[in-house]
Amino acid sequence: MTTTSETVNGAAAPESGPVTGSATPAAAEPRTLTYSEAVREAMAQAMAADERVFLFGEDVGTYGGAFGVSGDLVHRFGTERVRDTPISELGIVGAAVGAGLAGMRPIVEIQFSDFTAQAMDQIANQAAKIHFMLGGAATVPMVLRAPGGSGTGAAAQHSQSLEAWFAHVPGLKVVMPSTAADAKGLLLSAIDDPNPVIVLEHKLLYKQSGPVPEEPVRVPLGETAVRRTGGDVTIVATGVMVSRALEAAERLAADGVSASVLDPRTLRPLDDQTIVDSVAATGRALLVQEAPKTGGFMSEIAARIVESPAFGRLQAPVSRLCGLDVPIPYAPQLEQAAVPQVDDIVAKAGELVRRW
Amino acid sequence: MTTTSETVNGAAAPESGPVTGSATPAAAEPRTLTYSEAVREAMAQAMAADERVFLFGEDVGTYGGAFGVSGDLVHRFGTERVRDTPISELGIVGAAVGAGLAGMRPIVEIQFSDFTAQAMDQIANQAAKIHFMLGGAATVPMVLRAPGGSGTGAAAQHSQSLEAWFAHVPGLKVVMPSTAADAKGLLLSAIDDPNPVIVLEHKLLYKQSGPVPEEPVRVPLGETAVRRTGGDVTIVATGVMVSRALEAAERLAADGVSASVLDPRTLRPLDDQTIVDSVAATGRALLVQEAPKTGGFMSEIAARIVESPAFGRLQAPVSRLCGLDVPIPYAPQLEQAAVPQVDDIVAKAGELVRRW
Amino acid sequence: MTLTTEAGRAKHALTTMWTIRRFEEAVDDMFARGLMHGTMHLSIGQEAVPTGACMALSEGDYITSTHRGHGHCIAKGAKLDAMMAELLAKETGYCRGRGGSMHIADVATGNLGANGIVAGGVPIAAGAGLAVRMRGGSQVVVSFFGDGAVNEGAWHEGVNLAAIWDLPVVFVCENNRYGMSMSVDRAFNVDTLAERARGYGIPGVTVDGNDPQAVHDVVAEAVQRARSGGGPSFVEALTYRWKGHSKSDKNLYRTREEIESWRERDPIAAFEAVVTGGGAAGSASSEVPTLSESDVEECRTLARDRVREAIRTATAAPDADAATLTDAVYAPAGESIAGGTRG
Amino acid sequence: MTLTTEAGRAKHALTTMWTIRRFEEAVDDMFARGLMHGTMHLSIGQEAVPTGACMALSEGDYITSTHRGHGHCIAKGAKLDAMMAELLAKETGYCRGRGGSMHIADVATGNLGANGIVAGGVPIAAGAGLAVRMRGGSQVVVSFFGDGAVNEGAWHEGVNLAAIWDLPVVFVCENNRYGMSMSVDRAFNVDTLAERARGYGIPGVTVDGNDPQAVHDVVAEAVQRARSGGGPSFVEALTYRWKGHSKSDKNLYRTREEIESWRERDPIAAFEAVVTGGGAAGSASSEVPTLSESDVEECRTLARDRVREAIRTATAAPDADAATLTDAVYAPAGESIAGGTRG
Ligand SMILES: Cc1ncc(C[n+]2csc(CCOP(=O)(O)OP(=O)(O)O)c2C)c(N)n1
Ligand SMILES: Cc1ncc(C[n+]2csc(CCOP(=O)(O)OP(=O)(O)O)c2C)c(N)n1
Ligand SMILES: [Mg+2]
Ligand SMILES: [Mg+2]
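Chains as they are written, first to last, in UniProt numbering: chain E, 1 to 356; chain L, 1 to 356; chain S, 1 to 343; chain Y, 1 to 343.
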């Protein structure tokens, strides 16, 4: 097993202005990779370091993965360790549970996160609960990677953001990387973890680039990243909404509104302290998610904020900006209207600051 | 189809003190039934009135249902309309979708709500989305009944409270009856509804009795019931927590703390107005659920309260009292400790009122 | 009923196959030109299966379809302009632009819908069959799915329900030899998928899926059995998709030669050869050709014109309306829209 | 290997069956007296299946078990006191009182766990088999499940994975003729469940599940095949549960006569008859009895004493500790606890 000592804490933040993700400290001209390449590199390094690690899923072999994430891994590690499966989500997640129980470190790719619905029994009733049900006598180390999110015209059954389902299940850990560096670093931590970890990637992020350390640098699970600091409002965002929030924050800055942007990265366990501290400082919270509003994970963050000491410091109601309560539609203009865009974040954050 | 005109609005409430559920107005000596009998009566009346209505599920026939809910229905309606199925949750929910699409009004029983995990694809990706995905060209009228909750020593895979999963899915309606009258009245409305409705019954309530009108009286979906009115704190509770909250309120009253107890009954669509109004009046909200805290439905209610005008009237942080973030354990004393008990509600509500 | 020796039938079959081919080619082209978005799964090369199968059905019969569903939809009698409008995300599309390619349904012709979920339609088909049975109706349900779907739990459970309840469902597997990239040889440990049928106690037969007559014959027999209370059947139709699985497919998992060899078995060309009498293909073609060259030309022209007309109409239609985005998440109270009339 | 003609083996088999019987009777009794809570699914009448099957396994081999799992656990070599302690919700139980009857596991003997989810263990068994294969290990996994499980999607997908990857898994179906109340006649459209195996390209055989020798023989052959790289097999063992499905069962779905007829085929009595030479039961019993009456008595006594001792030890143990309730939701960072040693 590779060491876990090389960790990077993305939560540390300078006084004000943008924070450059969670890259290696002071590396001159850091190398950039796409998010998708970063995921692949994490898997390659983990497989090279530990023969127990392997990847399996539908079309992860020669095809290279539905979104090209596994790419050429099959040529580097062979068809046993980069294994194509039949279309049997419940079966393959169950097989990951069994392989993990029997001492391997499986990574299972589900082609679209929507198809975790097929596998919910093995995810929530088996993987999540076995360690506890057995009183700690066994562990289920496994990673389930799946892309979520809308924006590709794939419509209602291929565009969901289902993090709230998993975040509600004790026994699971839930990760949503929003940068290439985190895609690599969080995945490495997930692979190290002795518990089942759901890693929700985002389709629209796969092609985005960012600095990524070449070494297998872990980003610890459970640390909220402060992507930007500002004094007027705290914007908490996940997944593809992080970059939209950062873009909105730039525009808000031009309007004289100074926003912090926080990215929880791990929803379970949630580092709520960093969020609460920021909201206590700004007095305003705008919570942005792609998933439909009702019952989404931002309601949990809202509830934690108002249960915390930050409650007494609130200058405005805690406010959510979320996907509409609709299935994701096919038509591009409807799909756009169904989830928050940069303009919406600018408008809502501005309103929060100006009105209260 | 039977008429929907005979509705009862359980949300109306007298000035103060306990409200006697949603029974028929002023019926002398109302008849009582157990919750389980009330569910059965609703199904029997719906089947008698509309030949499109039928019940199917594992062991609902001769066995009478794992919890005895269907009882003798098979003798009254025959094995075609009270149909035993193999152990195939995904298949039978899918068959309900298909039967609904083709003009029937299926009621499908899932033996334990935990096994909806097996059927999540047909629930969330098919039933919930078909009407929308087809631009309104077809409907999926179906009811899925399933018992949830802990307290029977059945451990982690047979004791979950999964309402938050369903409440997060646009296209589903979600109902959690807490009284015998509502068990009947809400189920009748669910059967009338042209949309898929998830009815989450509670194992511990099945044997509890209450007044139930003999006629097929509908309780409309989407109306929060005010079970008790009081001025100091608003307790919102669901499922088996409603009766615990009412018991707690009685004890609090003896201590001089006057509590309102609200029961949303339908989580989706949620009547948040009644909740917000009550919280605006009391200034304090205690949200009680059996499900694990993180990502539970009470976080949604917390978020709605703080987004509403009630925010400005809050005298205390909105507070949740929930199941611990653990799978439900087998040992009775651990199982008890895992979910809120009357004592816990009394303590937490008292603290909210006294400390703030 | 023969498709090859009766002129009206032959024309219908040929026109349907050409319509599917031309429709898919148009979609492929518009997609490549950026006029369509999302993803599309084309049926080019597989036209004989929906054509042969749907010609075995009567009005009122149902189908459930798949992500690769344009062919089923056309063969069941859908309006091309409403299909094309859907793909172009128009308000006049079958789903008002909400569903797109993977969710087209045409409830009026009994098409209960394409499905973005592999095997998602299989238990739904069983349920539709159950509805028919409970009403004492005489309709039949054909459930289309691919080879990949056969390994899904949903398939297993749906087929078993139909089997134990003797439901009027015909399960039609379009075995095009691949899921997305995984071949049937690697995904199954049996030689024919029809061998799966035995385990459910239902008849299973493998047929040349590039021959509409052959498909029609076995489906017709299965439909007849289903309609008369004999329960479900499984039909495996061997065919091939010429195009990649979807837009992102680089065809790394199969050889150019394999694709070529199947293109040489073009179901449309083969059928034309048979019905014009030029076919050595072995079918019971009589001395007198069923169709003349000009008949064939007429079918081709009709297909091409229909597709052109659909594109014209659809293109001119208004875009899906974002103002009504939240409509139709829930159906309003009152009578539901039944997928079919009561038996 | 014969269980019936070799004294050591015969004693082991008989003692195991009696231990299961006595254990279950004790549980039934304690449950009725309110000393146990929750729900219990007893294996009385089915003792020959786990006994025969587990005697075909070696150390290091794995099993996955079911809600009706006490027999599997005992036959695989678990400690009775830790089992009993678990049922009594004690801190010394296999799951520290967190799991109860439906989740007992004994990782040390390769029992990866009972499962409250019907068919839940089937894909898990495939995964354990995959782990063995990838490590180049020689272990075998036996996956136990009931007849009802065979209609779950999880079963279908798990068996197919094992089949296409030639995994060392033996699927053992305890066909006791009923799910909870639905009979195999109504839930299946085939005469034997073994017919399902063919569809996955694996051997399937039906065997008398009340004869430990018969079970042992077919499982041993399947284990041998699996161990030598020959892939998975399916074994259907015909047996019967004497008791209701669980505490709430009123036995409305079967007749008293049916239950009686199966009690007359008591697997333990039949085995005793064979090994003591009194059995006309047809087994190849030699002239010289394998066991004497006193040998048999010894087995019975041993079983009874072991169970009594387990009850004593377990009863005296401390209750599960609510103070540590939130422990073990997550394993701490660091090495995971492997379910088995590396191959
Ligand atoms: C449940 C589910 N798993 C995976 C996918 C992704 N996917 C879409 S089509 C496809 C291949 C389907 O193969 P097959 O059933 O043979 O149909 P074909 O595309 O060959 O017509 C896959 C894996 C999906 N849509 N649904
Ligand atoms: C997925 C799932 N569905 C339903 C149940 C409820 N249930 C528990 S045991 C059982 C019957 C199982 O029958 P079978 O597999 O034949 O095992 P047996 O009880 O006969 O040993 C049922 C329906 C369950 N535990 N899990
Ligand atoms: Mg295919
Ligand atoms: Mg059974």
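One or more of the hints may lead you astray.
Here chain S is said to cover these stretches of chain L; the calculated rule only asks that three of the stretch's residues, wherever they fall, bring their Cβ under 8 Å from a Cβ of chain S [to be verified]: (1) 74-86; (2) 126-139; (3) 189-198.
Keep in mind that the hints were calculated from the coordinates and are not lab data.
These numbers come from a predicted model, not from an experiment.
Note that beta-carbon positions come from the ideal geometry of N, C-alpha and C, so glycine has one too.
Here is how each hint holds up against the structure:
Check on the region 74-86 of chain L: 4 of its residues sit with their Cβ under 8 Å from a Cβ of chain S, so the three-residue criterion for coverage holds. Proximity of the region 126-139 of chain L to chain S, defined as three or more residues with a beta carbon under 8 Å from a beta carbon of that chain, is established by the 11 residues found. Here's how the region 189-198 of chain L fares: 4 of its residues keep a CB closer than 8 Å to some CB of chain S, so the rule of at least three is met and the hint holds.
Of the numbered hints stated above, none is contradicted by the structure.
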